[in-house]
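There are 2 protein chains.
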Amino acid sequence: MSRAGTPDPARAIAAGDRRALAKAITAVESGDPASDALLRAVFRRTGKIPIVGLTGPLGVGKSSLINLLVAHLRAQGKTVGVVAVDPTSPFSGGSVLGDRIRLERRPGDPGVFFRSMASRGAAGGIAASTRDVARLLEAAGFDVVLVETVGSGQVDVAIRDVASTRIVVLVPHLGDEVQTLKAGLFEIADVFCVNKSDLPGAETAERDLAELASLGPAPDGWRSRIVRTSTVVPSGIPELWKAVEAHERFVAEAPGHLAEQRRRLEQEIVGRVRDLVAAEIAARLEAEPSLRHLVDRVVARELDPRSAAERLLPRSRR
Amino acid sequence: MSRAGTPDPARAIAAGDRRALAKAITAVESGDPASDALLRAVFRRTGKIPIVGLTGPLGVGKSSLINLLVAHLRAQGKTVGVVAVDPTSPFSGGSVLGDRIRLERRPGDPGVFFRSMASRGAAGGIAASTRDVARLLEAAGFDVVLVETVGSGQVDVAIRDVASTRIVVLVPHLGDEVQTLKAGLFEIADVFCVNKSDLPGAETAERDLAELASLGPAPDGWRSRIVRTSTVVPSGIPELWKAVEAHERFVAEAPGHLAEQRRRLEQEIVGRVRDLVAAEIAARLEAEPSLRHLVDRVVARELDPRSAAERLLPRSRR
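Protein sequence lines correspond, in order, to chains A and B. According to the working numbering, the residues represented by the first sequence are 1 to 318, in order. According to the working numbering, the residues represented by the second sequence are 1 to 318, in order.
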């Protein structure tokens, strides 16, 4: 694929070329088809490292936690790639951007690579881009990938099926809320992190979560771990990472391990078929002479959008 | 479509049968195909009333504002349907559920109908369901529909193309954040509501917004209005509604009005074609004998998901 004089991007990335990596991520983020060949090429070298997702409401201190986790992993000699997924929302987008600026100030350490990613488009798109970027980071040789998302419904989906271990970060004094959220929380948390554990109420929060966790293990048999952390006077970080490692080991040894891997890859393949067909449909409709007339009739309320859509289906499908 | 003895649901809804309305909304929310015929039937009677979207970060007081707007509209003799869109997220979901409970305590007034809707699935799905529910409410004879969404990127999309007037609710002391958010905010706000204007900083917030608004009108020529409100000692509510009415009048008289209506309906039709084809693809793949083998090869990392997807495309499309 490479022109004379242009180094092969897959090789450049594997050889540690950070500029090539950054360029490739930008291509994924912007949906540039040039990233396609690269992602095909790197795929076979992926699927072996922990992809750790962190999610939780705004203001629980996820970015500080990531900073400390990165420092902890670096002290163990591990290299770390970090992806932060920003939702498109103008509201949360702002404060998240602020966090980004703090995080990106980690100069001079080639063992850490940080990248934030805007999550334009649909939830499926976010998950797909996050997965692709995580694969590029793995191909670049990082030992661990951390994925941070802010807690907004559709973005959480990005880590549900992409991360191998999912950490949900909470703070003390959730009380009633946690009760309401039971089901939702346990759906995505392999590890609960009660951050700001220097605040009053941390023990109660931990006890509440433990009570919920005691209701039963996840479908795969894993029992969510609960870890208390603080980022003011750093504490609990080694324990948090140990909980992640315990989950990674559990998953690798679980009898359902391969089935789950299959399920995710099958879902990805089916999603890609759907996207390819959808793109083709959109292109075809743009050139469809009857579309204009049908829209006219819908605007005039003579025809409803459902009936108009049916008339635009390819002949073979009606 | 109706069986003997079963009243036609479209007629029941138009006649003010609230139970039939609630049932129809549940059908839309759960993707029940039974809602299809009904939505086709009601479409021609829709598109005439204001659909007012309210969005903004958690904690700015959107639910209290809605309560006061409803009271204001009721005092004017207008009937109101309210749709609240909850994101799937366990985090924001909790507090929103709390709000719901407060709002639903409005017994005995048949001029108000309140319904919350969980936003499972992709962003496109949320927008489509919200639009369908708004149409059912219009068919049920309500004079105004209010749509509330919590401020999480993907959910905001639900009001961007569904509402005829979009209100963004903010609170004082946004300072730096507002600067970062400029572009995003103006993309969705026809009216800015600075709520909690009894707090210090309300004037500054209003001035900051006014400064941003002075940078230029929206593409359609509308200049965003800014209204200060308070829900503690209620104030600004009549002004907020006047700003909505001004925007509704502006849109109705704008030269681009029909073009915008066309654009939205065309987008809806194209989206429906895509959804129909995607559903068909999913059904076909489930029965596809080669899928299992291809997934095996992807699991073994012999083949990448992109190449597998291409092999599954219908023959005519490769």
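Hint data in this document are derived by calculation from the structure and do not stem from the laboratory. Check before you lean on any hint, since a few could be wrong.
As the list claims (entries may be wrong) - Some, not all, of what chain B presents toward chain A, calculated at C-beta under 7 Å:
#: 1; residue: L265
#: 2; residue: E266
#: 3; residue: A300
#: 4; residue: R301
As the list claims (entries may be wrong) - Listed next, the in silico DMTMM-like pairs over lysine to aspartate or glutamate satisfying Cα-Cα at most 25 Å (straight line):
#: 5; chain 1: A; residue 1: K48; chain 2: B; residue 2: D296
#: 6; chain 1: B; residue 1: K48; chain 2: A; residue 2: D296
#: 7; chain 1: A; residue 1: K242; chain 2: A; residue 2: D208
#: 8; chain 1: A; residue 1: K48; chain 2: B; residue 2: E245
#: 9; chain 1: B; residue 1: K48; chain 2: A; residue 2: E245
All C-beta atoms in this analysis are idealised placements derived from N, C-alpha and C, irrespective of residue type, glycine included.
Okay, the hints, checked on the actual structure:
1. Against a cut-off of 7 Å between C-beta atoms, the interface hint on L265(B) holds, since the closest Cβ of chain A lies about 5 Å away.
2. Checking E266(B) against chain A by beta carbon gives a least distance of about 5 Å; that is within 7 Å, so the hint holds.
3. Violation of the interface hint for A300(B) is found here, the shortest Cβ-Cβ separation to chain A being roughly 9 Å, above the 7 Å cut-off.
4. Given hint, R301(B) at the interface with chain A, holds; its Cβ is 5 Å from that chain's nearest Cβ, closer than 7 Å.
5. The hinted pair formed by K48(A) and D296(B) meets the criterion: a straight-line CA distance of about 17 Å does not exceed 25 Å.
6. The suggested pairing of K48(B) with D296(A) holds, with an alpha-carbon distance near 17 Å, which does not exceed 25 Å.
7. Between K242(A) and D208(A) the alpha-carbon distance is near 22 Å, which keeps this suggested pair within the 25 Å criterion.
8. A distance of roughly 58 Å separates the Cα atoms of K48(A) and E245(B); the hinted pair therefore is violated under the 25 Å criterion.
9. Taking the CA atoms of K48(B) and E245(A), the gap is near 58 Å; set against the 25 Å cutoff, the hint is violated.
The structure shown violates the earlier hints numbered 3, 8 and 9.
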